[in-house]
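Student: Sequences listed follow chains A and B, in order. Take the first sequence: its letters are residues 1 to 173, numbered as in my numbering. Take the second sequence: its letters are residues 174 to 811, numbered as in my numbering.
Honestly, the hints are just simulated from the structure, not real lab data. Among the clues, some could well be false.
[Claimed, not checked] Only some residues are given here: those of chain A computed to face chain B with a beta carbon under 7 Å:
#1 Val133
#2 Asn134
#3 His135
#4 Lys138
#5 Glu145
#6 Gly162
[As the list claims (entries may be wrong)] Between beta-carbon pairs, the in silico distance windows are:
#7 Tyr121(A) with Ile720(B): 20 to 26 Å
#8 Ala92(A) with Ile432(B): 40 to 46 Å
#9 Val50(A) with Leu260(B): 53 to 59 Å
Note that the structure is predicted; figures quoted are calculated from it, not measured. Even glycine gets a Cβ: it sits at the ideal position worked out from N, Cα and C.
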Amino acid sequence: MRVFLIFSIFIVSFFSQSETYEKLPKLKNNQGYFVVSYSGNYPPYHLSIVSNDTIFKSQEDLSDFKLKKGYRVIVLDEGEYMYSRLKLAKHAGYYKLASRELLFTVTAGKVNYAGDLQFEYHHYNESVSSKVVNHISKTYLWLQENHPKLMDKRKIIYSGLGVDNFMNFYFNQ
Amino acid sequence: MKLLVCFILFYTQVSFATSLPIIAEFFNSPKIKRAIINPSGDEILIKIRHKNNYLLMLYQLKTKQQNVLFYEPKQAGDDNEVFDNILNVTWVSDTEILALLLLDDGSYEDHLMTFSHNSDGTLSIKRKKLSFSGHLVRPSRYYDRKLIVTQRNRHNGADVYYVDIDSEKRSDRLNEDLRQASRWLMDINDEIKVAWGVVENEHIVWYRETNEEDWAIVRKSKNTKETFIPILITDKSQTILVLHNHNRDEIALQEFDLINKKFGKVIFEKKGIDIKSISLNSNYSALASANYLENGVLKNHYFNDAAELKNNTLKDVFPNQHAIVVSSNSARTQQTVLTLNHENRGKYFHLDKRNNKTMLIGSNNPTYDVSSNKSRIIHHKIPTSDGFEIESYLTLPNNVINPPLIVMPHGGPIGVQDTIYFDPHSQLLASRGYATLKVNYRGSSGYGKKFMFAGQKQWGLNIENDINNALNNIIKLDLIDQSRICIFGSSYGGYSALMSVIKYPKKFKCAISFAGVTDIPLMFAQDTRMKVDAYKQAMIDIVGDPIKDSEYQRHNSPVYRYKELLTPLLLVHGTDDPIVTSEHSERLSLLLTKKKIEHEFLLLNGVGHGFGSGHSATIFYNKVFSFLEKYLSKKQAL
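Isolated chain A (complex conformation):
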């Protein structure tokens, strides 16, 4: 059953460019929205997210980024994931992103945010450094502006490194 479940993880991803505000797909019971927030010195060509399951990893490849920084809202099954690799040009290789520190969880029914993925390509040794920085307030304001209906219906939660219950406090004020 587990094998079946793992293989049947159908990660519906709807690529919403920050400049085009299309309708988001409906969630299934076991799914949540995940806000991909990124910034770097180049637009990513491919950004991969993998599930953190030790045996059967599912992978979500995001592409067609046009800007050096922006947001996307995608749909993921609930569970634990991490940013795994990044490609900056069509014919370039993949850069492995810093493993466990880019770990996050997706809770079903919520708008999950795990921090901004910030990366920098270094020409001198052709490497990529990356970190994740929590900018949930700014992300919330972006969602309010670009996906107001989503924000009317669902709460944004922080699901990255450490515990941050600020948005819960904010909604209760």
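Since the structure of chain A is already known, use the hints to place chain B on it.
Tutor: What follows is chain B alone, placed relative to chain A:
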């Protein structure tokens, strides 16, 4: 190029009287970063800012001839920052300069610049990239053409080499198989005997008596609250001098027996004061002075009469200034000297010691008329109920009776110390008629480790009580207008400003937080630095555990007490702040906006945890001055 040189000369030496000082000049990178005299004592090498870079200029004392030796403009950063691509520079001989240059990609190279003066006043320059790279420690004591150079290695330590200038050949590693140490002590024969470094969060000191022996560990400590810095190998067998605070409160200079691993005679200590540094004599073989801050002023204790006499001469030549000898010629008759005080950001002089004549090389001070903007500093001390003493410095503007006061808590809060010396914020505010108060609250460095660590987990508690008590005492002096007090700080100081108006709302007419922490729990979830165990532990020591101390953390976070923030507020944050992320100010502003609590919020694009340039400081202070004008301009009834 001649035009450029003329421009530089006047740019650095002439003061222009203006009605209001130019904000950027208080915060720009120093105009002069280094001025060193050659071995013969007839030429000075000056590292001077030009636009957004630094250049190297030669100045001949006899002819007053100036020539640019090196200038390679590099692109400035996002924030109009100055890019300094000259990391280090030193004279090798009268015609040779060794420079460590920073490249665009972050790596560095050693370059040897050989020059000669032509009869037409121009300079012939040959520049050679040396085949080794590393940081120059100093020339060898015994071989003119040999340099001692360190280079970082992949063991998180640094290797030490001799490098022959002419052949560019590097010796074998002087540290041999000890690769993890990052600092070294050499004896009078230039042989490494003591090394120290951090391995897996443990501070380790190694020792060997001769080069034939293996390195032995003589000290290991995981205590991050302790200082232990080897200073000098003494004449006594197997004994070194160390600056330390092991089993004592203040940092003192004491003997340490490397075999018995025991401390010996205390060489110099000062009750209630940490020794900041030790200066050695010119060939690094004996003590010259112990240096410390007393009442906010740099003081020196000299270990011999000759050194003291030299210092007294400097005091006579540069009255009311703290004068530091930057370089000397071989004969010790010619020097370059840097002077500092509360109004002087740094002036470089040439001093001819034969007749004590001085010549100003250049000044780092803002170009406004200091005489009409003169400020004075009042030093104050008050006891606390729990046995500490809190030091504060009140800067008063010239010709303003009962000026409005800006309380300025410093950042940190642990391990930072305010002094009386030039602070661009205090001096700029003084030039606009504002007094400022800086307080070395508990947690500040310089007063012993008990005082410093008493600041841990005192966010919003005793630290702010100390600041408030210092303020109450200043109010009693009746030198400032107590109806016009604002509080402004950066980083922890920004946090302190917010917490102070929560705790003492009637005292302050306004508060300004730049890069301030607003949410203590967020510090454990703001970015991936928390994955580093040592960083997380250091944070837990300072603000408590995010789970066990969650109540303390929330109760002392401005965000969770936003309803009490009814004093006019200005929040300012840099978008690129890597230390306290802009999320701190953004979430407080989000809450205040939702609850319609009046405040002003300025996000500075491309700015980090401080001002990288006068440009961003100007944007900030234009906002600050209009904010202060709004809330402090009129005397109000108490």
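Student: Check each numbered hint from earlier against the structure, then list the numbers of those it violates in ascending order.
Tutor: Numbers 5, 7, 8 and 9, in rising order.
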